[in-house]
Structure formats: C-alpha cells, structure tokens
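S.K.: Chains as they are written, first to last, in this note's numbering: chain A, 1262 to 1664; chain H, 1262 to 1664; chain X, 1262 to 1664.
Hint data in this document are derived by calculation from the structure and do not stem from the laboratory.
There's no promise every hint is true.
Because identical chains share one entry, a pair is satisfied inside a single copy or across any pair of copies.
[Unchecked claim] With a straight-line cut-off of 25 Å between C-alpha atoms, the simulated DSS-like cross-links for lysine-lysine are:
hint, residue 1, residue 2
1, 1659, 1322
2, 1625, 1453
3, 1469, 1553
4, 1282, 1659
5, 1655, 1322
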Amino acid sequence: MNKEQGIEILEDSIGKLSRAKSGLYGRDFLLTWEKSESDLRTVLDVARILKEMRSANISPKVFDSGLAISNFRDNSTRTRFSFASASNLLGLAVQDLDEQKSQIAHGETVRETANMISFMSDFIGIRDDIFLGEGNKYMREVGSALDEGFEKGVLPVRPGIINLQCDMDHPTQSLADLMHLSTLYGSPDKLKGKKLVMSWAYSPSYGKPLSVPQGIISLMSRFGMNIELAFPEGYNLIPEIVAAAEKNARLSGGSLSISHSMEEAMKDADIVYPKSWAPFHIMQQRTELLKKSDMAGLKELEKACLASNAGFKGWEYDSAKKKLTRNGDALYMHCLPADISGVSCERGEVSAEEFERHRIPTYKEAGYKPYIIAAMMLTNRFENPGEVLADIIKRNRKRVGIN
Amino acid sequence: MNKEQGIEILEDSIGKLSRAKSGLYGRDFLLTWEKSESDLRTVLDVARILKEMRSANISPKVFDSGLAISNFRDNSTRTRFSFASASNLLGLAVQDLDEQKSQIAHGETVRETANMISFMSDFIGIRDDIFLGEGNKYMREVGSALDEGFEKGVLPVRPGIINLQCDMDHPTQSLADLMHLSTLYGSPDKLKGKKLVMSWAYSPSYGKPLSVPQGIISLMSRFGMNIELAFPEGYNLIPEIVAAAEKNARLSGGSLSISHSMEEAMKDADIVYPKSWAPFHIMQQRTELLKKSDMAGLKELEKACLASNAGFKGWEYDSAKKKLTRNGDALYMHCLPADISGVSCERGEVSAEEFERHRIPTYKEAGYKPYIIAAMMLTNRFENPGEVLADIIKRNRKRVGIN
Amino acid sequence: MNKEQGIEILEDSIGKLSRAKSGLYGRDFLLTWEKSESDLRTVLDVARILKEMRSANISPKVFDSGLAISNFRDNSTRTRFSFASASNLLGLAVQDLDEQKSQIAHGETVRETANMISFMSDFIGIRDDIFLGEGNKYMREVGSALDEGFEKGVLPVRPGIINLQCDMDHPTQSLADLMHLSTLYGSPDKLKGKKLVMSWAYSPSYGKPLSVPQGIISLMSRFGMNIELAFPEGYNLIPEIVAAAEKNARLSGGSLSISHSMEEAMKDADIVYPKSWAPFHIMQQRTELLKKSDMAGLKELEKACLASNAGFKGWEYDSAKKKLTRNGDALYMHCLPADISGVSCERGEVSAEEFERHRIPTYKEAGYKPYIIAAMMLTNRFENPGEVLADIIKRNRKRVGIN
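Chain A extracted, bound-state conformation (with noise of 0.2 Å):
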C-alpha cells in the first residue's frame, strides 16, 4: 500500500465517522458501562484512525501546549508507557504526581490537590486498584473537585480524567482488548455468537486486582458475544458488576454463564482469557486490613489464600485445554504479563508452549491501548473528532521529517 492509498483509506474510515455529537465530548471516561455503544464505537474508530495516521506518518498532534498528569497509585509499565504515549502523540507533556513527594490523600486534601495541579492541565491518567469500593470512588472525588474547580473560575479548562485502572474496572485494556478481537474478526459486529471464556487461572501470588475480568465481561457482553465466566467456588467478582454483565448480555443477543470447571468452560471456545484474581470476599478482608494497617492479618491473608489457590494448580491453560476450544485453535487473550509455568513461576496461569504459540498476538493485543488512549482524549476534548481527524489530514504534517 503506498502513501496516497493509505490516505484515500483513512479518508474513508473519517468519512464513516458519525457527524452526530458524541456523549464522549467533556466527559471522564472511568467506566465502560457508563457509555454507550455508539461512543465505544466511536472510541475504537478514532484509535483505528489514529494507529494507522501514525504508521502513514502523519502527526496528529492537536495540542501545541500543557500537561497530561498521571496518578499511579500502584506500579505499572505498560499502562504508564501507553498513557505517556498517547499524551505525546497528542502534544501533552506527561507531569507525574508522585504522592510520596506531596503528600496527597483522601478527603480535604484531594480536592485541593486536583486543584492545584490542573492550572494548566488537560487530562488526569489514574491508577488506584488497591482498594476495593476505593479506587473508582477517588476518581470522582478528584472529578467533582475539578467540575467546582471549574464552575468557580478557578481552572480555564475542565481536565479530563482516564480511569487508568480502579477496583471496577480497567476500561483502557478492555477497550485494547475489544480493538484487537474487532482487528482481527473484522469488526465489532463479528464478534456476535463468538464464545469467550474469560477463566480464573492458577498464580503462585495473591491479591490479583478484579477489575480485568470485570472489564472483559461487561464490555465484551455488550456486543452479543456468548461468555463463559469460569472459577473455582468462592473465587467470585463483585455480584453487582456480574449481574450487570448479565443484563448486557441478554440485550445484545449473547450471553453469560458461569462454571466452576475451566475445561467445562474451554470447550468450543472461539476465545480465551485465562488470568488469576483474587476472590471477592478475600479483597473486602484485604481492604479492611489495609485500612487498618493490620500488617499481621495481611500476613495471615495471604498465607490462607495462597493455600486456598494451591489447591487449583490445575487451571493452568495448556495442550490439552487448548485441545477443547473450538477447532483446538482458540485465540489466547492476556493483559500481560502472564504468569508462566517454568518461565516467570513454577506452576502458573498459562504452560511456556501455549504462551509461546500466542506470544506475539499478545504483544500486538497490548499495542493497542496507547491509541485508545488518545482516542479518549481526543473524543473529551473535541466535540466533533471526525472533523479534527479530517483536518489532520488535510495538514498533513510528518511525524518524522522536516515540515
């Protein structure tokens, strides 16, 4: 394909862009489930559009100044590369707000804080997953401190916040996830009738975060795909988000059943989604110890559930499971990193072969979210985007060149 079919290309894709007003434009993007299908549509296209101006050349950048701030209250790389990433495709210079180095916390403090910083802000990236009932409640603590921010003339421009990851959910994978099954299938439309299997699997560690599966099942619910959610008894997600996925399921056309048997679940599956988490009931007691800083009952958590999982070393997605899916060839999802037998562990989610063999899809399936990220901001801030992408590439400034 050369440069000016690419361009013919992508100038259709724009032109396939609803013109309508998207529920997107100046709203924090912190659960799927809050938005429509049409604006997660919407989401996916302007990322597809963004990915292949940057592979054409074309710099789509629409900020000449100010910052994107990220909020990282638990470690992460891929999700902070990608968050770095987008900004900087964009034109937004990352700002770390490192807490330790100010002292941030819940309550007067937040509002003050989110205020402080945004001066000259666009976007605010989040991480907080620790805490169950938390995370997601932080964000829009820091969301309504921004609106009166905002309202009072304290701040020029509303930031926008991007859930980077909280106690519910982990809508930039999902969204990376759902862009990589429509890459692939063709479309999200393609995905209806598709099984997918989003199972529990066997890690040496505890205290996996909820919220992927959560994610994966209420996103991928939305559009008629059959899901099997598959755990061990009593390794069970938050009921409300469950029960929701359900409700979604049954409206597209799909639906969601749960098992407690992983090769139950494998069989005929179009797709799987092997990962570790921790049981529900378990991360309340966590939070409460946390909250508490009872350091002797976490000790005694971890070492109950870290027994507890030893007992289902064999939900370990390998061969022989591998064999049950449909046609033996279903496609292997994982967020990354996996935890892999004889490679980063002893026993593990996922055998070395099987990670192997998908290894590389992996890696592309992760490649996706930086754009879904600038597709958020780019959604937030312009309320027309179909219009700015068309713009771009009537600009058509090189990324890399002289212009």
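With chain A's structure known, arrange chains H and X on it following the hints.
M.R.: Same frame as chain A, now just chains H and X:
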C-alpha cells in the same frame, strides 16, 4: 466576551507595556527586593497577558526546544506543577535534577554540576529553603558557575535561575499573591493605603520556613500598603529583612508596624495572611544541628519548640477574629496548604468555617503562580517582552486545535 | 561572525557531508568498533553541524512527536542530561524506564518489556555498566526483542538503541572526547602521530568501570595516534579489547604500547587521560559475587582492592608529571567527575592545581556529548543526513523566538 473582543483587550494591554529595556532581561530572579518597581509591574503585566492568552486559546510558545531544569531540595506539589506548567506553556521540557541519583553537593561539585546540566538548558528553578543562610547562597553559587561557563564558552546560553523558595524569599509566591490582589482591587496602585496583616498562626508542626512572611512584607511594602506584622514574642523573622521592609514602606508612602496580639492586629484589616512559621533563632539552631547531623539535638529542639508553640493555640484565624477586620469582611490569603482546625489537624492556623468561606479564592490565588513563572522566563529571555507578546497575537497559534 | 556568515559556513559543512548511504541508518550504536571510520566521521560532522545550528538559533527539530526512553541501570547526571538534551533538541520526549517501579529483569521479561515500552518509541538509551559480561549483552537482548517486534508487526518503527555506557565501551563519551580533540586540533586527521596517554590513576574508591579507558583506546587508535596505556601491574583491561585496539593502531599507522609507570608514560605526551579503573580480574570476581548476592564476599573484595589501590597513590597527575609531557603542556582530559586531591577526596586522580588549570576545557569536552547523541539519533533515523540538515537550514526555524 467573544474572541475578537478578547484579542482587542489583549492588544491594548500589550500596547501599554513599556517598550523600555527592562532590568529583567538576562537576570536571575532571586529576590523581589533586587528588582525595580517597574520591573515587578512588568512581570505582573506579562503574567496577566499570558493568562488571558491561554484563556483565549492562543499559544504563547516561544521555544521550539530547550530544557527547564527543576532542582527541588524540599518537597513541593504546587510550585513543582507551576514550574512544569510555565515551562511547558512556553515550549520547554522539564528535566528534574534528582540529587539522590546524582550526588550534587555544595562546593566544587556545584560549580561542575551547574555546567554539566546546562548545555541545552534555558532555566534552572531551585527550591532550597531548609537551611537558614544557605538556600539563597546556593542559588548564587549556581549562578556564578553558570556565568563562568557562559563567559568561557562552555554554555551556548546563560540559563536563567528562578528562585522557587529559599531561606529568605519566595518570589513566585509573593508575586502570585500580588497578582491576586491586583486582580481583585483592579491594579497594584489600588493597594495604596490598604491594611494587610501578615500574622503568625498556630500550627502543630515546627520548622516552617520564613520565606513566605518575609516575601510578603518585603513585596507588599513597596506598593504603599499599611502592613502589620503580628507574632507572639520571640517568633521574629530575619531582622535585616524586616528592617528593609520597613524602609520600603516608608518610601512607598505606607507603613510597617509590629505587634504581638492577633486580635489587635486584625482591627480594620483589609487583607489578612495568617500563617505559621518557626522563630528565626530556632531556625538558626536547627540549621546548626542539621549541619552537624545532631539528631538528638534536633529531636530536643523540636520538642521545646512544639511546647512553646502550644502556648499560642489562640493564634487561630476564626470568625471572632474576622469580625474585627474592616466591615468584618477582610480578604483571607494563604499560600496553601493551610493547617485547618478539625480538618488537617486538631487545632491549626484557621478554623474550618473561615477556611471554607475563602477556599475558592485561595485556589485562585495559587492559580497565578504558573503565569508569574512564565512571565519571569519570558522577560529573562526577551529584551522587549511587549514586542514578543504582540508577535504572539499576530501569529495567532491555537493552544488546542489544528494549526 | 554574523548570522548570514554562520549559515554560509553551515551550508558549506553540510555540502561536504557524504551523500552516500551511511552504515548508521537503522543500526543500533553499541560499540565504536562495529562502525566504519567513515561512519564515525559522519557522526562527528553531524554533531558539529547540530552544535553550530543551535548556536545560530536554528532549530533542528525533526520529530513532531515520539518517545526517547532512558534506561539507567546505574547512576548518572552528565549522560542523563545529555540524552535528555539530545532527545529534546530533535523533538522527542524522554520517558524514564524505572525498573524499580516496573520489575524488568533479564530473560523472558526483557523480551516482553522491550516491546511493551516501544509502541511509540524512537530510541532507547541504556546504561548498564555494573556487571562484566552483562551490560552489552543486555543491550543486544533488547535489540533482538525489538527486531522481532518490528518484523512481526508489533512495533510500527524499530527503535534505535544507544549505548550510554556498558561493560565494554562508552561510545557517547569516547566520541565526545574525539570531537573535543578534533575541534582543538582542527580535524580528526590532525590527530595522526599525536601521543595520547590513557593512564590509570589512583582513587580512594573501587569498582570504577573499564568502559572509558577501553572506549578511548579503541576509538583513538583508529585515527593514527600513538597510544600509551599505562597502569600498575595487575590493573589490566579486558584483554580482547586491548588486542583489538593494538590492531586498530597498526592499521591506522599509529601504535599502542603498554607500560607500568605513570612517569615513563607521560614523556612527550600530547594528550593525557588519567583516570581510575578497577582491575579486570577484580571486576570478574565482583560480578560473580554480585550475581550470588554475596555481601560478605563483596565487602572483603572491596577491602582487598582498596588495600591494593593504596600502594599506588603515586599515580596522581600533578605538576611534576605534567612537566614530563610535550613542552610541559599536554592537553588533560577526563570524563568527569574526577577525584581531585584535597577537593573531592584526600588523595585522588589529579592534583587540585592541575585540575583547576584544565577545568574549563574538561567542561567543554563534556559539552559535546549531547550533540554526539543527537547525531547518533539523526543518522539512525535518516538515510541521508546531509539532505535533512540542508532542509533544516532551508526551513530556518528559530529555536528561541516566534516561528
């Protein structure tokens, strides 16, 4: 106000800027009392114009590349983000000098490091407020190393130094405060005759720097204000700085008086700035102990000092004290974060009720700092800021949008 | 020199740049001895032109967005700021890969992380100089992971790797040093026949990397210099690298000899580079102990090594030694920071008097590094650097000012 009107007002403001060569060009910004009144007004004017430009979505970027180095020797959120915002607005990338990773120190190493980090730097922002007699001295050491490097052909440009708080002054804070007052009253000229109370206030911590009260009395005394400096006996500021502020006040047609009762001081105040600080003689002892790393001595000093503080819990700004001010309605100022009774501590500088009443204005007060820093940068680098600002308007580049 | 003359000289320099496809295009810069002499000269020429452009206030920005990742596995100030400066000059934003926050490691994880951080990266700069036999190997592991990612469609661009110091070489340092010499003597050709002494010097620390002396003898030996490598018996460098440098010297019409007396070596030296390093066999032992985390063993090795060092306190470059050099006036070089007797330590690599005499030239020496790195980036990304530089002149965008 539509965009055209906004630009007309901007052009008018720029037209009024003196075309005379400012004393700011090529000079470090270390202490407000080293700057002429006319230069201080230029900083205020440029800051205001930059703020209006940003609101009008006009990008004032004047650097296509270049680094702004931040060297924080003490914690900071507000000033850190303000410095990052100002740098970014003008087109500079922030690079932190993390001394833990780089082993910079006083003496030989300062001279060398100052040059090593400056080959492509345009500004160095420094916060060094912990050691009395050291912070400002350190900035001058860095400055003279840069002078030598530039004169001898090591550096292509002499980076400007911006004092982001030292042991003597906090010029980006006091000028942001002055900009707040000028905005509220209409212009710096309208401050003449107004009574400003810079009052010590109780805090359950010790060792708070003297630079804010010193900066406030030194700067505000130059605009004909009647300043009352109130503190419990023994809680003196650096004597030379108070003496200089008294002289400023006399010369500008205002006054500076000292009292030892918060209630007395508040009478008929137009503006109140209740804020805790450590007594000068305690800071001197603390500096000696810190230099000797005498941890036991420091512990003892802290204990004695907190015990002494505890005798002055009545120095809290509350509704009763507010009633004493002009029409019971003085403007409340604070550099934030404030110690708020019942919120951030049991008993503090200000009652929760009074703080809440003035909370949004204190946020606005803080919001001027990025523009003050940007104005310091612009006037340091350009001989005729008025011309540059006029050219920015002519260029009319959008901050957000397709250029 | 006025601006027009400056630009004419620049155009002339650019005109002389070879239009032939360079071997630098699309290749990592890991070891100078993997590069042809012609390619090394191209790096020097491009670096010089970029330096002149910046002095003439011409912005050579060629990236509208893109990340330059820095991965420092050891402390750094000079190289960190040089990398940041170079990236910023060309339009890239620096993103630190902080391994403490991201748990990168050797093996599986390197392969994955290399891809995860590179979706929008143009360069990765790596410092990994602590483990003998590991640093350069790690860079190649990263490189082959990036090759795979690019070939298999994970990455839109293959990021270039720049060695910011490994166990074998320190190419950005040695090329900055060569640029310093070329500037002082007029061109690399003028170095032919000059005597350069790379001499061990005493330091009260141990474990200093071998990469600087190895880098210097490997690079300078390619330009017909007569190199004398002097060190106390037992303080050998990696034998294969010394052997290769000897061969270089023969081929380029120079020589490389080894001696064990600082005084002897200094005789008639044109250029001296007195710098401490740890003996090769000690570094090997240290690497083994570090791998085993044998803290007691490391402590013992350090003690033994410092005791051994202490026998060579006479290896200090002082006025007496300088008198032995050509006309008593050799050029002194150092990568900085130097261990200066009576300044940074009791007894060190160089006397205070001699260091002070050559201090400013060593600062200039260091000042070439940002341009060397920028030249590595530009020649990696553009097949015909001469054309790009000519286009930059034609575009004539100001670095500081209104464009």
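S.K.: Each hint: holds or not?
M.R.: Hint-by-hint comparison with the structure:
1. Taking CA atoms no more than 25 Å apart as the test, residue 1659 paired with residue 1322 passes in both settings, with 10 Å inside one copy and 12 Å between copies.
2. Proximity of residue 1625 and residue 1453 under a CA criterion of 25 Å is satisfied intra-copy only: 22 Å inside one chain copy versus 52 Å between copies.
3. When the C-alpha separation of residue 1469 and residue 1553 is checked against a cutoff of 25 Å, the pair qualifies only within one copy, where the shortest distance is 20 Å, while the shortest distance between copies is 30 Å.
4. Taking the shortest alpha-carbon separations for residue 1282 and residue 1659, only the inter-copy value of 22 Å comes in at or below 25 Å, while the best intra-copy value is 29 Å.
5. Both within a single protomer and between protomers do residue 1655 and residue 1322 lie at most 25 Å apart by alpha-carbon distance, with minima of 13 Å and 22 Å respectively.
In this structure, none of the earlier numbered hints is contradicted; all agree with it.
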